[in-house]
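Colleague: Based on the provided sequences and hints, a complete structural model is requested.
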Amino acid sequence: MTTPKLQNLFLIAIALGLLHVLEQLLYGFEVAFAGVQEGFINLQSLFDNPDKAFLVVATILLVLWMTTIYSLLRGGKWRGVAPLVFGLIYLSEIHHLINTIEIQAYFPGMITGILMFLLGIIFFKESIKIFGRASS
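Reminder that position 68 of the sequence shown reads as 68 in the working numbering, one-by-one numbering, no gaps.
Warning: the hint list may mix true and false statements.
Derived pair list, reagent style DSSO-like, types lysine-lysine, alpha-carbon separation capped at 27 Å [said to hold, decoys possible]: (1) Lys-5 x Lys-129; (2) Lys-52 x Lys-5; (3) Lys-77 x Lys-125.
Computed spacing ranges between beta-carbons, pair by pair [what the hints assert, rightly or not]: (4) Tyr-106 x Lys-77: 25 to 33 Å; (5) Gln-7 x Thr-59: 24 to 32 Å; (6) Ile-103 x Ile-69: 16 to 24 Å; (7) Pro-4 x Leu-26: 27 to 35 Å; (8) Ala-34 x Gln-7: 30 to 38 Å; (9) Ile-60 x Glu-38: 17 to 25 Å; (10) Leu-64 x Ile-94: 18 to 26 Å; (11) Leu-43 x Leu-22: 20 to 28 Å; (12) Gly-75 x Ala-34: 22 to 30 Å; (13) Ile-89 x Lys-5: 29 to 37 Å; (14) Lys-5 x Leu-73: 12 to 20 Å; (15) Glu-30 x Lys-77: 25 to 33 Å; (16) Leu-62 x Gln-104: 18 to 26 Å.
I should point out that these hints are in silico values taken from the structure, not numbers from a laboratory. Even glycine gets a Cβ: it sits at the ideal position worked out from N, Cα and C.
Modeller: Now the structure itself:
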């Protein structure tokens, strides 16, 4: 069973994720995703058909998502997997601040990216608590 705190964290994460996308759409989606697009093009070059690269990425994301759901349903120490995964994803959003510092100007997604990074720390700490309680 998940705690009300963990439920609230995920609710905040949903809202913040939507705000993050909105911030990027309003202030320069193309700039924010230029590196991602380049990475995906490089990934496509590894396959004889570009659609295979999309299938691989979609499958990885689906398996990751289903793993987090399974861990929550399983309960016990496994509940710690979901906040760990989302914590790591949200921690990675610090790249918006790093990009802002590098270009010495606003980088799309920076404001919500900082908030997502902070939420990632909270998710990570919550995950450690869950794993700690389950092992004692």
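Colleague: Going back to the hint list, which numbers does this structure go against?
Modeller: 2, 4, 6, 12, 13, 15, 16
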